[in-house]
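Undergrad: With chain A's structure known, arrange chain B on it following the hints.
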Amino acid sequence: MTADVAVLGTGMHAWGKWGRSFVEYGTVAARAALADAGLEWGDVQSVVGADTVRGGYPGYVAGATFARALGWQGARVTSVYAACASGAQAIAAARAQILAGLADVVLVVGADAAPKGFFAPAGGDRPDDPDWLRFRLLGATNPAYFGLYARRRMALYGDTAEDFARVKVKNAAAGALNPYARYRKPVTAAEVAASPVVADPLRLLDICATSDGAAALVLCGPEYARRRGVADPVRIRAVSTVTPRYPRTDLDLPDIATDSAAAVPEPPVAFRPSIARAAYEEAGLGPDDLSLAEVYDLSTALELQWYEDLGLCAEGEGAKLLRDGATALGGRLPVNPSGGLASFGEAVPAQAIAQVCELTRQLRGQAGARQVPGARAGIAVNQGLFGHGSAVVAVR
Amino acid sequence: MARTRRPVVPGWFTGGGDTDGGGPGAENFRLLGTRCGACGAVFFPRVDSFCRNPGCAGTELMEVPLSRRGTVWSYTDGRYRPPPPYVSDPEVPWQPYTLVAVELAAERMVVLGQAAPGVTVADLRVGMPVEVVPGVLGEDAETVWTTWWWRPVPQDDRRRA
Numbered sequence: 001m002t003a004d005v006a007v008l009g010t011g012m013h014a015w016g017k018w019g020r021s022f023v024e025y026g027t028v029a030a031r032a033a034l035a036d037a038g039l040e041w042g043d044v045q046s047v048v049g050a051d052t053v054r055g056g057y058p059g060y061v062a063g064a065t066f067a068r069a070l071g072w073q074g075a076r077v078t079s080v081y082a083a084c085a086s087g088a089q090a091i092a093a094a095r096a097q098i099l100a101g102l103a104d105v106v107l108v109v110g111a112d113a114a115p116k117g118f119f120a121p122a123g124g125d126r127p128d129d130p131d132w133l134r135f136r137l138l139g140a141t142n143p144a145y146f147g148l149y150a151r152r153r154m155a156l157y158g159d160t161a162e163d164f165a166r167v168k169v170k171n172a173a174a175g176a177l178n179p180y181a182r183y184r185k186p187v188t189a190a191e192v193a194a195s196p197v198v199a200d201p202l203r204l205l206d207i208c209a210t211s212d213g214a215a216a217l218v219l220c221g222p223e224y225a226r227r228r229g230v231a232d233p234v235r236i237r238a239v240s241t242v243t244p245r246y247p248r249t250d251l252d253l254p255d256i257a258t259d260s261a262a263a264v265p266e267p268p269v270a271f272r273p274s275i276a277r278a279a280y281e282e283a284g285l286g287p288d289d290l291s292l293a294e295v296y297d298l299s300t301a302l303e304l305q306w307y308e309d310l311g312l313c314a315e316g317e318g319a320k321l322l323r324d325g326a327t328a329l330g331g332r333l334p335v336n337p338s339g340g341l342a343s344f345g346e347a348v349p350a351q352a353i354a355q356v357c358e359l360t361r362q363l364r365g366q367a368g369a370r371q372v373p374g375a376r377a378g379i380a381v382n383q384g385l386f387g388h389g390s391a392v393v394a395v396r
Numbered sequence: 001m002a003r004t005r006r007p008v009v010p011g012w013f014t015g016g017g018d019t020d021g022g023g024p025g026a027e028n029f030r031l032l033g034t035r036c037g038a039c040g041a042v043f044f045p046r047v048d049s050f051c052r053n054p055g056c057a058g059t060e061l062m063e064v065p066l067s068r069r070g071t072v073w074s075y076t077d078g079r080y081r082p083p084p085p086y087v088s089d090p091e092v093p094w095q096p097y098t099l100v101a102v103e104l105a106a107e108r109m110v111v112l113g114q115a116a117p118g119v120t121v122a123d124l125r126v127g128m129p130v131e132v133v134p135g136v137l138g139e140d141a142e143t144v145w146t147t148w149w150w151r152p153v154p155q156d157d158r159r160r161a
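Protein chains in written order, with UniProt numbering: chain A, 1 to 396; chain B, 1 to 161.
Next up, chain A with everything else stripped away, as it sits in the complex:
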């Protein structure tokens, strides 16, 4: 495989509730990534932004907003919206430009200032929008879907509320070691159990918060990296941006019903596992080759689901893998060594980029107290609303 692109720089703005504009967060992250890469903003030939909503204008903006904030310098610009997969699609767009020879060096930025509480659809009466419908008809918030899956796991696999709490305890312990994380205090199982139920069986500490935050990457071709004196950069070897296959039989955000499997049999691989599978195939490696994984732990129960969808264990054995300590720092395959969304919260366009920042730091051996020893390969996986798959494989 010769289609690798190099990660020359990473940068983040610390996550939290800062009450400022996403432009400010993104610019801080972008400048940090440029400094990490040893480049000037003027060296960047293309900027790709993962989109967010700019207040006051009915549309999604990003690329040009960051280019303006950093100072117009004529770079090529791209903006990408794919809900939670926006950051990964921004990386995919940057990679495609580099591999196509359209740019040598590309800045990727994602930033958001998230609302407090539940995410909600845009205003107005829009009964042709599945996202609007699920709120209007059912009041089905995002945690409601997480709750359905958690309860289903309990019925099918015997997962318990204590298993779910263990995920939070594990990720909070890792997040406490990450200076960019919003929540930097260890959490106990008793604290999870004492938090209020949001969507049965999930409690407040089982569900990720909404946050402000930003992350940025400087990507380039291997030859450009060599010219900059970086002989052995972290390389992005695969970016998966697959859609589901019909009939999609997993009930998922924001749908009210699944596709029917009455006329066409369901596909052999369901959507979430297909996201990882596409990335493994493109990267030419598999779960046994991984040193670490960053997964989208929107809820504690969902992290267990990802273990299975990534092929880290058989279906139904996620909780056992966790109980055995395999996925904790110091375990056989640490998952969410960054602390995950449990420690960061959700800043939608930034999160997939932040995952790749963590992979890069781990593969460079720069992760400090949360370093996975000898890390050589990592996967970051998530899923965007409305059928956006996303996984990134990075290697050293």
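A couple of the hints might just be wrong.
[Unchecked claim] A few chain B residues that don't get close to chain A, going by computed Cβ distances all over 12 angstroms:
| # | residue |
| --- | --- |
| 1 | Gly-25 |
| 2 | Arg-30 |
| 3 | Glu-107 |
[What the hints assert, rightly or not] Stretch by stretch, here's where chain B covers chain A in the computed footprint (C-beta under 8 angstroms, at least three residues):
| # | segment |
| --- | --- |
| 4 | 117–126 |
| 5 | 148–159 |
| 6 | 167–181 |
| 7 | 261–273 |
| 8 | 350–359 |
Hints listed in this document are in silico derivations from the structure and should not be mistaken for laboratory results.
None of the values given here were measured: they were computed from a predicted structure.
Think of the CB as a built atom: it goes at the ideal place given N, C-alpha and C, for glycine as much as any other residue.
TA: Quick look at chain B alone, frame taken from chain A:
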């Protein structure tokens, strides 16, 4: 003046008359989907223009009632008030609602809905038989907004079935 009963979305369900929950006539209540005339694929919410089966070019879709009964695929509840466009009175203390995802055997699909009032997560189990009944989502000055509810099949009916 009597308020008009109107479906919260047109064309998604039929029957049930003026009853809420399991009143007389409730057995006529059905969710409505569509079926592709070319490949037989079933859709809910309804798809009327183009079949979404990627292997089918069908454009003729017929309305079909979905099965009245299914089994619980999973369930949860909402302990906090959801944001708009869910309609609720912020002056009234929040009452959690229960959501049920129901597996329909004939259609081989899962359909989400609110449970009938009074049905809590403690009343539900994965795999339990449930049935669809006419429901009310809310009311305003002119309109009673009707919807569908899932509720456990009464024990007597289960023995008969």
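Undergrad: State for each hint whether it applies.
TA: Outcome of the hint check:
no., hint, verdict
1, Gly-25, "22 angstroms, holds"
2, Arg-30, "14 angstroms, holds"
3, Glu-107, "5 angstroms, violated"
4, 117–126, "holds (count 6)"
5, 148–159, "holds (count 7)"
6, 167–181, "violated (count 0)"
7, 261–273, "holds (count 4)"
8, 350–359, "violated (count 0)"
In this structure, the earlier hints numbered 3, 6 and 8 are contradicted, and the remaining ones agree with it.
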